[in-house]
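From first to last, the protein sequence lines are chains A and B.
Residue 266 in the working numbering is what sits at position 184 of the first sequence, and the numbering runs on without skipping anything.
Residue 98 in the working numbering is what sits at position 15 of the second sequence, and the numbering runs on without skipping anything.
The reader is advised that the hints may include incorrect statements.
[Unchecked claim] Which residues of chain B face chain A? A few of them, derived with a C-beta cut under 8 angstroms, are:
#1 Leu89
#2 Gln100
#3 Thr199
#4 Gln200
Calculated from the structure, these hints are not laboratory results.
Source: prediction; values computed, not measured.
All C-beta atoms in this analysis are idealised placements derived from N, C-alpha and C, irrespective of residue type, glycine included.
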Amino acid sequence: MTHIVSVQQVFKNYTLGTFVVPALRGVSLDVEEGEFLAIAGPSGSGKTTLLNLIGCVDTPTKGLVRIAGNATETMSERQLTRLRLHTIGFIFQSFNLVPVLSVFQNIELPLLLQRSATTKERRARVEALLDRVGIREYASHRPSELSGGQRQRVAIARALVTRPKLVLADEPTANLDSVTGTNILDLMKELNRTEKTTFIFSTHDARVWSYASSVVRLADGQIVDRVTAEEAVRAGGVPGQPSPRAT
Amino acid sequence: MTNLILDFRIALRSLFQHRRRTFFLVAAIAGVTGLLVLLNALSTGVSETMIRAATTLSSGHVNVGGFFKVTSSQSGPVVTEFAKVAKVVEANVPELEHWVHRGRGWAKIIADSGSTQAGVTGIDIKNEPDFKRVISVVSGRIDDLAERNTIMLFESQVERLKVKVGDAVTLSAQTNRGAANTVDCRVVAIAKDMGLMSKFGTFVPIETTRGLYQLRPDTTGVIQLYLKPQFVSESAAVAGRLRIALERAGYALMDSDASPFWMKFQTVNREDWTGQKLDVTTWEDEVSFLTWTLKVISVLKVVLLTILIAIVITGIMNTMWIAIRERTREIGTLRAIGMQRGGVLRMFLFESFQMGLLGTLAGALAGTAIALAVNAARIQVPLSVQLFLMSDRLHLSIHVSALTQAVVMITGITTLAALYPSYRAARLPPVSAMSHFG
């Protein structure tokens, strides 16, 4: 199997005034194509930092990050932006849709940035995804006119519209109620299965582990272990976390 | 192209989303543009009025005048054998539309109830259609100036002299040889005042000036050249070229001096020469004692605009900083999903450009409407202002080129004002932008 993501001995420090705060301490992680990987851990464990590094929106203090065969440490800002545009899709906890654009336009946005698809192709691809995530009737609505679950569906469609090899989702269910969260995870899982897209999502909610093909558990900026979803649920969470309640 | 449309669309919708803020800023830009349009219209209006008055009353666009000195200390504003000079002019000024010649002099006008000093211009009314068109006669007939020993006065002179059409006045002057001479003239026309220049000017047939100053029929005071409209702004260049041509044709020329002819008597009388010397001037030289009005308006315009544009720039920059702070997460998201820095820069520049364009178009329209309303209202200006405006009414002149210039300039400035904030927005690291709160 090919590694879509390869993180080698990555350190990430943040400086707060005179203090240096380590967020990641020697993290190494390989993710294979088509995986549905959860990164679990309590708040402050380094989940978001790790996703940011994998998503090339941040750079490590030390260590190597390789995405789809690209050594990111040698790439310019412009090249990294192109890599994000063509290879990675993002789903954010707060949806992060462009408020002044309609649902259709939000989904179409990455295709416009890519400049490769014709108007007809863009329309076809956006409409197919609107159907796929079940929000066709909201195509002309603004994000402010949608519920949280609907917004996250728009975000998923936007992340997938360029057919990226990798989708990163940072706590995708954190701002949703449990039923909507479950629906969103079902949708992501289905897309992972049918589109063969690699999904990496962070969560501190143990109920969603069961969806993952494997769970990487983080604590204090280090990987504690990498287990299957069943093992993670059985092991009773990560250090410092209460035991999960399997759903 | 689609990316540009996308950036343009996001920018436009962002402006619409913040309608209140956009409205105030657009209104401020419109205000500044409107003021610029009005100030331009005022200075152009004054300038045009001045050109019209100057080139009607006392000057062509370019003039070939001169002085003839019988003795080294006694000069008169005379061009001898003017037909020969005119031939040189015609051969060397392809921009020429037509020319006229006029007598020049200064005399005391004496009536039964008073007297006044005034310039006496001798004209051939049959060859001066523009003069008849521009002069507004309130009493009498301007065509009667074709008769010998007649005179046209302006309203303010008539008030001083207490005369009316048909009355006689006496012109008293000193000839170029120093002898006193008088000519009796009949008032045939009274014209509406045309600013300062009409206070001190009267018009008589050219034969009357020749008679008054005892000059030969082949003499005149000045040859006034009227250029084709597209060449009026090139008067100075034409004058320079004509000086060289006249010198080559064997005429003695006076040193170039940007003053009206009547201010040169003292200098000429001090110089040790006799005979004929020609003097080439432009209309601006002949009214240089008045063009300070234009300079004052220009300085006022620059000062006012500098202050207002500084305010607009500050407003635009502040608005952009606020917009960027409010939309930092959006910038982070757009960068994360693959928008290059250039895209973010363009987006904010478009926003400022759209505000600028909207404001300047509104301002240009408002300024034009106000200027047209002022012209339609035919607002009478006080006498003291008339002197400098060279008109009894306020005239604002709007030109499409000036409007375009105002729109392009202010839109350009507002767009450039957003450059630094936009640049900073584009440089925001995606990760910190996305985690921004506030």
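Status of each hint after checking the structure:
| no. | hint | result |
| --- | --- | --- |
| 1 | Leu89 | 5 angstroms, holds |
| 2 | Gln100 | 5 angstroms, holds |
| 3 | Thr199 | 73 angstroms, violated |
| 4 | Gln200 | 74 angstroms, violated |
Checked against the numbered hints above, the structure violates hints 3 and 4; every other hint is satisfied.
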